[in-house]
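Participant: Each chain, written out:
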Amino acid sequence: MKKPIVISLVMGMLMVLSSALTIVITPTLKDPEQQKKLDLQAIVPVEFGEWKVDLAARSLMVSADVTGFIDKIYNQELNRTYINKHGERVMLAIAYGRDQSTDLHVHRPEICYATGGFDIGKMTKAFVDTTIGQIPVMHLVAKQGIRNEPITYWIRVGDSLTRGWFEQKLAAFRYGITGQIPDGLLFRISTISNDEKDSYRIQQTFLTSLLQAVKSEDRHWLVGQMH
Amino acid sequence: MTNFSARLPGLKAALPEWWPILLGLMVLYVPTFYGLFNGLWATEEQAHGPIIFTLAIWLIYRLWPSMMDKSAGKPSSAFGWVALVIALLLYMIGRSQQVHMFEIGSLIWMLAAILLIKRGSSALKVVWFPLFFMLFMIPLPGTLVIMLTMPMKMAVSYVTEQILYWANYPIARSGVILQIGQFQLLVADACAGLQTLLTLESLGLFYLNVVRHTSAFRNVTLAILIIPISFTANVIRVMTLTLITYYFGDKAGQGFLHGFAGMVLFLSALILILAIDTLLRYIVKVRTAKAAS
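Protein chains in written order, with numbering that gives the first Met the number 0: chain A, 0 to 226; chain B, 0 to 292.
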């Protein structure tokens with residue numbers, strides 16, 4: 000055979016081999032059957048500790064194109080406002096996505112709020128002590144006009160809890176190279192108040208009694224297996 | 000397409016040497032493009048992707064005979080194998096981990112590798128533009144888009160506010176929310192104009208490449224000026240939308256007039272580009288006239 004043809008054959012073979020190898024290393028959904036069992040509405044109680052759902056709270060209106068986008072990336076969501084006997088209100092938002100590969104990953108609040116016209120103030124990584132252990136969280140303050148909204152959130156990717164872009168990407172990548180697509184969940188609580196310190200204190204007590212109230216076999220949906 | 004049928008015998012003669020490469024390319028990239036047309040390229044933000052791909056293929060097709068001529072009998076380049084390995088690695092990581100930037104970017108490395116191995120570096124010199132042009136069809140990573148989009152949105156909102164305020168409209172702004180009269184408008188991501196900028200820039204470069212102006216000054220200046228032009232066109236669009244909402248209400252602003260504002264964007268961009276091109280041509284003419292005298 001002539002040399003140019005041999006070279007072409009070698010190149011073609013390399014390409015076909017790479018294509019086959021790609022199919023082998025492409026990650027697949029982690030435990031898809033298990034993931035269909037989640038029912039957010041059921042696992043988060045409407046009343047726990049000194050908190051109960053505030054039915055008077057008006058839920059935020061979301062425009063149609065945003066709703067379409069949200070439906071695409073999240074398989075389930077939960078939005079509630081809770082109130083305690085002191086009249087303190089905490090807004091809870093949980094969003095669950097089965098597929099955390101790059102296109103469909105859970106969106107970080109610092110991005111969502113900015114897109115919604117909020118100014119994002121200081122962001123700090125912190126740990127919140129709860130009765131089930133320490134939870135790594137991100138604190139940030141979103142501001143729009145006179146509305147000041149301190150937020151606490153974390154994003155679970157598979158079994159790791161992440162804050163911010165880098166941790167989220169790293170966790171998804173770690174699963175990716177082991178051939179798995181992890182599921183993911185955004186857990187966000189916020190209060191509307193100008194007193195940030197007090198807000199985070201309220202959010203911590205809320206979080207502690209919420210996690211305590213969720214059945215231990217359901218807790219992994221929110222905080223992963225390691226807790 | 001008389002030109003195409005004239006090339007057929009040549010294609011037949013080349014087949015024994017090229018079929019393994021063509022087969023390899025199909026195996027790698029048919030799934031990629033199938034996924035693109037059903038996903039990313041079907042979205043509004045990446046709608047320019049298929050246009051750029053088609054134009055690039057057309058450019059390569061057009062340059063192919065002269066590339067074969069100029070590279071005939073030239074030695075193959077060893078760097079081609081390096082490029083091939085890079086292309087295959089990018090492809091494998093990109094496709095398996097859904098990094099579109101790597102997966103689509105690998106095509107450029109792959110085409111360069113094929114040319115370098117089969118025809119040597121002189122072939123690459125002939126078709127460098129279509130390969131460079133393909134850079135525009137690579138989707139930017141989401142994080143970078145978000146990083147660029149926010150300040151661009153801020154700038155568009157700020158300029159819109161300033162101009163309309165100066166024109167005595169009752170307008171105020173907080174972040175990316177514009178308040179005009181009793182209406183509140185949220186400047187959406189699409190209004191940031193990042194995609195508009197990329198589309199205009201790529202089509203501008205394509206135009207310059209096809210028309211082949213001799214003056215490098217005119218080419219480079221126009222390519223750079225497309226950036227402020229696209230920004231201006233975007234401000235005009237947002238202003239149009241704001242005024243439509245102000246005079247005709249919310250429904251009009253979100254309805255068919257929204258599409259109309261999109262047309263305003265491209266028309267104003269086109270007019271600005273043509274105006275500046277005319278001006279540049281005039282400057283070049285004056286300069287050459289001066290140099291001659």
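These are calculated hints, taken from the structure and not from any lab test.
Hints may be right or wrong, so weigh each one.
[As the list claims (entries may be wrong)] Restraint ranges, calculated between C-beta atoms of paired labels, are given here:
1) A:ILE22 - B:VAL283: 25 to 31 Å
2) A:ASP158 - B:LYS124: 30 to 36 Å
3) A:LEU77 - B:GLY258: 33 to 39 Å
4) A:LYS121 - B:PHE78: 46 to 52 Å
5) A:ASP38 - B:VAL209: 57 to 63 Å
6) B:LEU273 - A:LYS168: 39 to 45 Å
We treat Cβ as the ideally placed atom computed from N, Cα and C, and that holds for glycine.
Participant: Taking the earlier hints as the rules, which of them does this structure contradict?
Facilitator: 1 and 2
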